[in-house]
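Visitor: Protein sequence lines correspond, in order, to chains A and B. The numbering of the first sequence is the working numbering, which starts it at 478 and goes up by one. The numbering of the second sequence is the working numbering, which starts it at 478 and goes up by one.
Calculated from the structure, these hints are not laboratory results. In this text the structure is predicted, and so the values were computed from the model without any measurement.
One copy or any two copies: either way a pair holds, since identical chains are not told apart in the list.
Simulated crosslink set (SDA-like; lysine to any residue; CA at most 20 Å straight-line):
id, residue 1, residue 2
1, Lys843, Asp752
2, Lys575, Val559
3, Lys534, Arg524
4, Lys499, Asp604
5, Lys575, Arg621
6, Lys575, Pro548
7, Lys575, Phe562
8, Lys698, Ala868
2 protein chains.
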Amino acid sequence: MAAVLTPQADDFPRWYQDVLAKAELADNGPVRGTMVIRPYGYALWERMQAELDARIKAVGARNVYFPLLIPESYLQREAEHVEGFSPELAVVTHAGGKQLDEPLVIRPTSETIFGEYMAKWVQSYRDLPLLLNQWANVVRWELRPRPFLRTTEFLWQEGHTVHATEADAAAFARTILHDVYADLMTSVLAIPVVPGRKTVHERFAGAVNTMTVEGMMRDGKAVQLGTSHELGQNFARAFDITFLDAESQRQTAWTTSWGAATRMLGGLIMVHGDDAGLRLPPRVAATQAVVMVAKAGEGVVEAASALAAELRAAGVRVEVDDRVDTGFGRRAVDWELKGVPVRIELGPRDLAAGSATVVRRIGGTKTSQPLASVASSVAAAMDEDQAALFAEATKLRDDRIADVASIDESVEASAAGWARIPWAVVGTEGETLLAQSGITVRCL
Amino acid sequence: MAAVLTPQADDFPRWYQDVLAKAELADNGPVRGTMVIRPYGYALWERMQAELDARIKAVGARNVYFPLLIPESYLQREAEHVEGFSPELAVVTHAGGKQLDEPLVIRPTSETIFGEYMAKWVQSYRDLPLLLNQWANVVRWELRPRPFLRTTEFLWQEGHTVHATEADAAAFARTILHDVYADLMTSVLAIPVVPGRKTVHERFAGAVNTMTVEGMMRDGKAVQLGTSHELGQNFARAFDITFLDAESQRQTAWTTSWGAATRMLGGLIMVHGDDAGLRLPPRVAATQAVVMVAKAGEGVVEAASALAAELRAAGVRVEVDDRVDTGFGRRAVDWELKGVPVRIELGPRDLAAGSATVVRRIGGTKTSQPLASVASSVAAAMDEDQAALFAEATKLRDDRIADVASIDESVEASAAGWARIPWAVVGTEGETLLAQSGITVRCL
Ligand SMILES: [Zn+2]
Ligand SMILES: [Zn+2]
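Assemble the whole structure, with the sequences as input and the hints as a guide.
Guide: Below, the structure is given as structure tokens:
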């Protein structure tokens, strides 16, 4: 059979574009840098959202919704912040049939508008910590867009919190990094992330400390999957977020912000996918198993439905594919492209033998199994495959991290993967040198 | 105790504003007509979303995400559509630091951009029906905004579907009206909606038939809670959505669209609230019961937590209120304002007697109960209260619907509620006359 996708080794970015199209994950939008997330891609996003939202709520944050449009003046209150974002902004100048008195910015992130309202809501130390989160779309004009990884509009969650002390804010920002982001990436997305700090140069505009979880894609490049920022008192001062402490003294608060976006979807694809298409960790797969009617025949569709019901009862997210008017081979390739962990093939001959063929996307095995044992073996496969993808990604990453001792060695190592180098050797000057070779210091 | 809210009978719109502020549901946004949905309000929206999303998936639609920004030219392809929306549009003219070649419109709804892509995805009758849904924010510049009911930006779901025949499209639009919207409103929101058709004059721009579910608020006015449109072949022709039928003949498709928004939250408040605040149907309440530590004392907090755990195990969404440094009366009024169906008060004296005081928000009863029976009685109260609110809203509505025979009688009846009149008596001329008295024909 001819390859459906460009092989990864030939052209990794092209392989990525091919997967997006062939697995029906996303299309380019009509405006440059925007995208349309198709049902199969969106179902993955919904699974990620549900898992991430549960973790955000577990650490005590509550969801809210702030307006899309922000008065331009808000962004100017925190000097570094406006400077960091101005070239990326989309601006509404006309609305309701006439020109607006003040232009409105489509949120590139919502620190400023949260700041304005958190200042009203926080009055006393009893109101702290204030832990808020928002699921929303944001717009940042992108010059070099790539679907999911870097798009003009993207979907994300952004958390914004207010604390009484610097220590509380710092501890919470770390909780988000480890218990929320790193836990999601490792236990659900099967991505062995490296959590760490960004250099001063790579910090978020207005932050005093930016932390990140980074994954390694199969081409050896890094992808930033979530960031957690300590904002010190910069935003609290700009927006006058103060509170009366237990001794009735007015104090300036400490804030944090943190976000993870549809970029995670791009990361997921690039960390696990292979030349046959996606490979989905079972915990994030919207469809974990598909029961394929290989060929029509007496009782086959009924048996497939019964098997699917049994799998569903065993907690497996399952679909039945009974499109027998489409060729079997074409459908099998399609499920492989879509990365569904387990395919159960059932035809008249299998049924007569009381068995089914179980094909595993991740291990690549293909075995005939008695119908009665299929449900329990598929349920067990979910855990095995989740662990197998994580182990494979971990090995790939570790094989590609080189411990180096100089800037020159770093440049060499970065051609194939990541370089681990003592920061004392690099420093801010070294960072500038590395930048000249197109290398960024990802994580301290 | 002084009333916290303006009484409904004195000034209903002001009562509504008071509830939004005092129950901490929403604040006005910085841009006129926008709003900030606060944690308590957003938790209600999340419950509605979950229930609505499950129903949408149950009828076979799949979620997608389309871009926020739409090229202005898209809206012009369907003449009635652009005419219907142009005064409401917000327009982006600058982005990425320069003026755009073509202005971009923030979606007021997404028929046009869905149309463009559905035309690509639909090739053959095998691709039909194509049933898509999107959860998104939209912007329509509002001259007379009211939080939740009519805001410049609102959150909603918009469904867009393509069908092979007019009959299929019509049947699907009715399924959405009845099995999705009317079912959600009656069984979850406890709102006895009247489903029906809009007059030609009140139709959605570009639709050939607009259907609606309408609820009656406690001031006798109607609120439109969801709409389902048959778009005929208008959008299919404008966007060239065609398919090859089983005989390989090219056919023009039939489309529908349907939406429900954060307006449902406004409706919920105005249908059930009373002079003491919100009253939430248990099925939509984010917090169904609160265990209040009335006064600190040996073992009281522990007993409250144990009771909450028991309630949680019985499937009740429960919270513990142990803020004993805030006055008991103030906290009780606050839970009443927030409309939490059941309040369980526990103090040292109750604990010594092995009992708790159970206060029901909807029936207004207050009884002392043995601790051992609290969990089961609260679980039972959930069903009773859900039914009680529905019955009360139904009675209120029916008392205020007057059967009338002439336009003059309609005007009179509409001052207090709704008038039911044969359409043959009204007609399009009658509709114009009624409009002069500020009355709209809501539903046929
Ligand atoms: Zn750490
Ligand atoms: Zn009907």
